[in-house]
Each structure stands twice: as structure tokens, then as C-alpha cells.
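Protein chains in written order, with my numbering: chain A, 8 to 297; chain B, 2 to 297.
Note that these hints are calculated values from the structure, not bench results.
All residues carry an ideal CB built from backbone N, CA and C; glycine is no exception.
Every clue listed holds true.
Part of the chain A face toward chain B, derived, beta carbon under 7 Å:
hint: 1; residue: Ala26
hint: 2; residue: Val33
hint: 3; residue: Leu34
hint: 4; residue: Ile40
hint: 5; residue: Val43
hint: 6; residue: Val99
hint: 7; residue: Leu101
hint: 8; residue: Val135
hint: 9; residue: Thr188
hint: 10; residue: Arg189
hint: 11; residue: Gly218
hint: 12; residue: Leu225
hint: 13; residue: Leu271
hint: 14; residue: Phe272
hint: 15; residue: Ile276
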Amino acid sequence: MLDLRGKSATGDRAFRWIAIGAAALVLLVLGLIALVMTSRAGPVLSKMGLDFFTSSRWSAPDGIFGALPFIWGTLFTALIALAIAVPISLGVALFVTQVAPRWLKKPMVYMMDLLAVVPSVVFGLWGVLVLSQHFGLGRSFLTAGIILAVMITPIITSLAREVIETTPPSDKEAALALGATRWEMITAAVLPHSKGGLVGAVMLGLGRALGETIAAALVIGSALGQITPNPFAPGNSMPAVIANEWGEADDMHKSALIALAVTLFVITIAVNLIATAIVQRSMKRSGGKT
Amino acid sequence: MIAGAKLPLDLRRKPSWRATKSTLMSVLMGGAVVAVMIPLLAVLYSVITRGGGVMFKEFPAFFTAEIPLISRKAGPGMGPAILGTLLSTGGATLIAVPLGILGAVFLHEYGGKSKFATIVRFMTTVMTGVPSIVMGLFVYLTWTMRFGYSAFGGALALACLMLPVVISSTEQMLKLVPSNLREAAYALGTSKSRTILTVVLPAALPGIVSGALLAVARAAGETAPLLFAVGAASAYNPHLFTEANTSLSLQIFGNATSSFVAAQERAWGAALTLMTLTFLLTLVARTFTARLALKR
Numbered sequence: 008m009l010d011l012r013g014k015s016a017t018g019d020r021a022f023r024w025i026a027i028g029a030a031a032l033v034l035l036v037l038g039l040i041a042l043v044m045t046s047r048a049g050p051v052l053s054k055m056g057l058d059f060f061t062s063s064r065w066s067a068p069d070g071i072f073g074a075l076p077f078i079w080g081t082l083f084t085a086l087i088a089l090a091i092a093v094p095i096s097l098g099v100a101l102f103v104t105q106v107a108p109r110w111l112k113k114p115m116v117y118m119m120d121l122l123a124v125v126p127s128v129v130f131g132l133w134g135v136l137v138l139s140q141h142f143g144l145g146r147s148f149l150t151a152g153i154i155l156a157v158m159i160t161p162i163i164t165s166l167a168r169e170v171i172e173t174t175p176p177s178d179k180e181a182a183l184a185l186g187a188t189r190w191e192m193i194t195a196a197v198l199p200h201s202k203g204g205l206v207g208a209v210m211l212g213l214g215r216a217l218g219e220t221i222a223a224a225l226v227i228g229s230a231l232g233q234i235t236p237n238p239f240a241p242g243n244s245m246p247a248v249i250a251n252e253w254g255e256a257d258d259m260h261k262s263a264l265i266a267l268a269v270t271l272f273v274i275t276i277a278v279n280l281i282a283t284a285i286v287q288r289s290m291k292r293s294g295g296k297t
Numbered sequence: 002m003i004a005g006a007k008l009p010l011d012l013r014r015k016p017s018w019r020a021t022k023s024t025l026m027s028v029l030m031g032g033a034v035v036a037v038m039i040p041l042l043a044v045l046y047s048v049i050t051r052g053g054g055v056m057f058k059e060f061p062a063f064f065t066a067e068i069p070l071i072s073r074k075a076g077p078g079m080g081p082a083i084l085g086t087l088l089s090t091g092g093a094t095l096i097a098v099p100l101g102i103l104g105a106v107f108l109h110e111y112g113g114k115s116k117f118a119t120i121v122r123f124m125t126t127v128m129t130g131v132p133s134i135v136m137g138l139f140v141y142l143t144w145t146m147r148f149g150y151s152a153f154g155g156a157l158a159l160a161c162l163m164l165p166v167v168i169s170s171t172e173q174m175l176k177l178v179p180s181n182l183r184e185a186a187y188a189l190g191t192s193k194s195r196t197i198l199t200v201v202l203p204a205a206l207p208g209i210v211s212g213a214l215l216a217v218a219r220a221a222g223e224t225a226p227l228l229f230a231v232g233a234a235s236a237y238n239p240h241l242f243t244e245a246n247t248s249l250s251l252q253i254f255g256n257a258t259s260s261f262v263a264a265q266e267r268a269w270g271a272a273l274t275l276m277t278l279t280f281l282l283t284l285v286a287r288t289f290t291a292r293l294a295l296k297r
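Same shape as in the complex, but just chain A (with noise of 0.2 Å):
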């Protein structure tokens, strides 16, 4: 009558694994992804070798497929979009915990998180049919990099302000005490206690800056082979053209942008990946929690 564990225990057991299954899945999704893709990029790759990567010649036609110039795009626009977001992602941060009255804080939050949930396909729209129609910039990079801007900023802000906000008390008090004045304080105490978490933050809202689709491909312009440090040409970038194209796509030029999504994957894992570990690390020595 008392026994209080008794027939659960195969039910226990059965949970555990059923839990299990659940956490292997995640290896599982992602291990198909990685082996589905390379060996749907290979048709493209053996054609192509690494011309694949260093020829700027992409004519689906010819068969030729050279993507340079969108991993060119893909990187320009990014670090166009870092140039704009992370000074003002750091201002707004260093805002919210350095300045902003109790009260504003927030509200401010809350207006940072509003812009992240702003679905990405509205900002093209926005993009498409008012940033570059009545600002006079066109379809460019430049767009792009805007657009991608607003889009990465919420991320590298709201980590930012949870970086900043491990800096100890005692350590701006120290500062303040010695007559330091509140800039002075920031480049003292903050910034340097900070500086690998900020790194990090940046570097992941780079990855997600190289991952974005939607608003690009809506903005970039959609031109082709153009390899050129001016902002206001129109371009390409991968994942854009991988989102135009495969409607029309035949077997080897699917092969190609399959190719290209590879591409963009291992790149923004990696990015992902050193920003992960940068952040992590930082927190770890302040005794923040990540």
C-alpha cells in the first residue's frame, strides 16, 4: 500500500529516453542538414572546382557558375550594416545603463525588443517601396546595409546592455570617486571591463547580418557580377540570389545555389561559433551570468 515508486519505474525510464530522443534530434537535424546539402552541392563543385569561389563569371545558361561576387555582396553589405549598427548600438546601450533616468529604462527596453520582432520581410518592404524610392539611394548595397543595420541592431544592443551591465559597482564608483567624469568613467571602467563581450556581440550580430535573406534580396538590386567597394551600385548576395533564382532553376544551377547555401552556412557557423565562445568567455571571467 505504501509503495511510492513501485510500476512508475518503467514509465520513469521511458520518459528519460523519450527526453533523450528529444536532445539527439538536434544533432540528427543538424547532421542530415550538413550531409543533404554537401552532397547536393557536389554535382556543382566537381564541375567547377574552386573556380567556384574565386571566378566571377555566373551564367546558368553556359553552365558557368562563379560566386564571387555574391560572396563579395554578402560580405560588403554585412560590414556596411556593422559600420552603421555598432556605434549606434553601443551608444544606445551605453545610453540605457550609463544615462537613461531609472524610468526611461524601460520603456526603452521594450521600444528595442518592439524592433526585433518587426518581421524581416516588412523591412524589405519598407526597403523596396520607401527607403530606396524616395530617399533616392535605388536598390544598392547600400540599401541593403541599412536595411540590414535596423535589422541587426536590436541584437547587438539588448547583449551589449547585458554585457555592460556585469561591470562591477565598485569599479565605476572607483572612478567616479577619483573625479572622473561620466565618460571618463565609460572608457575607465566600462568599456574595458566589457570589451570582449561587446566583441562577441558584434561578431554575433554579424552572423546574423550574413544570414539575412529576405530584406536583401529585396533591396541589394539583384545585379549581377559586380565586384566593387561602391556602396551605391546595385549587387547581389548569396543567400538573395538563392532566394531569386531557384524558382527558375535547372538541375545543375540548383546544384550551384545549394552550393551557395553551403557556403553561407559554414560561414555563418563560424562566425557564430568564435562570436559564441568570445562571449562566453568574457562572461566567465566578469562572474556575469550568460
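Based on the hints, put chain B in the right spot on chain A.
Frame of chain A, contents of chain B only:
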């Protein structure tokens, strides 16, 4: 803080360049806040004025009518897209949320610091970084090529995106459950699975729901994963597993580059609908978080 106390030597008064610089920097930080607000307000303004105009001109029809087959034809119709978004997002939620919670239960309650758990945790981080278009292609290659277009294909792709997010947010919440709750349950002779189901998960529920809702809100706005899996229907398709469907995000993407004003108008209307949906989900998620904070 004895501000205003009369010291013989006033150390802070004269406005040196250091003080000026500090003020200037504070102003610049404030400027950054303004710079963030400009695009947010501009997007909100465009979406609300242009989308609202379309939506309320023919009020219920916009939400119920089918999408015109000829895209230059003016008039309402996003009903099938709304249904499609609900189907694919709902399907993704049904797949990813239970699996994600179970995965997190494993990581925190069973795995701990074991090697397998560490690998899974690491791979979850990796999976969070996979670009959404890659998920879309993956689902196309493994599902759509065999079974054709359907809302379920979209649901699969969205579920792949949501899974790692739900796992890591749930694990964070499980960490917050005090371990003496678990110990109390064990002391009463409760089995581990029962403890998890009746003690740990209920204690963490508001946080888990909040995290899941945020993931759902993100998924509802995604376009790239649906691009190759869902197809392009313009009529209602209530079937989850068969035939081409559509979604609000796909309609916005398709109509944004259209040269016909009527199509653009519908895109703005769809954008307002989609944003309202994601904002509402975020708002509900927030109230759960607030309740959690109150409890503590």
C-alpha cells in the same frame, strides 16, 4: 552623497573640457537612441497608414476574401494568406515546442555536464546560427521534393528554426527552478519523471511559455524557410499536409517587387496584419514574463 556641502575647495565647478566632452558624449548616446527610433517609427508609420488604408477600405473583406488571381486587379483579399500563416506557424509550434521542452528537460534534468549533453548544447548553439534560407532549402530537398508543396513543409522548416531557440530558452528557465523543490519531491518518494512533470515544469511554466511565444512570434514573420516549401496558392487551402498554400510573409515578399499599385497595397495590408500578429504574441509573452517577475 553630500552634494552642495560647502567645501573650502570646489573641485567640480568650472566647466572644463573634460566635463564638456562628457556631456557631448552623453548627447551622442542620446542621438543613437533617436537614430534607432527613426526607422522604427518610419516603418510603423508606413505600415499603419498604408496598410490601414487598405485594410479598412473594405473592412471585413480584406481578411476573408481570396487573393485576386490577377495581381494588378485592385481590391481586397488576404484571407488564404492569414490561414496559411496560422497553419504553418501553428504546425511548427506543435512540433517544436514539445520537442524543445523535452530536449531542455534532458539537458538540465538528466544530462547536466555529461559529454552527450555538452555536445547537444553546443550543437543547439550551432543550430541557432543556421541561416533561415538554408533551413528552407533543407526542407525542400528532404520533404517537398517527395511530398510536394504544403503548409506542413513550411511548418517543418519553421520548426527547425524554432527548436534550438525553445531548447535554450527553456533550459534557462529550468535553471531558475530552485533545487530544493526537486529534493522535496524526491523526499516524498516521487519518481524523477513525475517530479519533472508535476513540480519542475509547472514551476518554470510562465518563463517557458514566454520563451516559446517569442519563438512563435519570430517564426510567424519568417519568409525564407517558407519560400521553397509552401508554394503559391491564392485560394483557401485548409489542408495542412496537401496542396500548395501561402502565407502573409510570402504575399508581402511576392507583392513588394510588383509594379502594380494594387499588389503593393495588398502587401502593405498584409504587413500590417503580420505585424499586429507578431506584436500581440510578443505582448502576451511579455505579460507572462511580468507575472514571473511578480511571483519571484
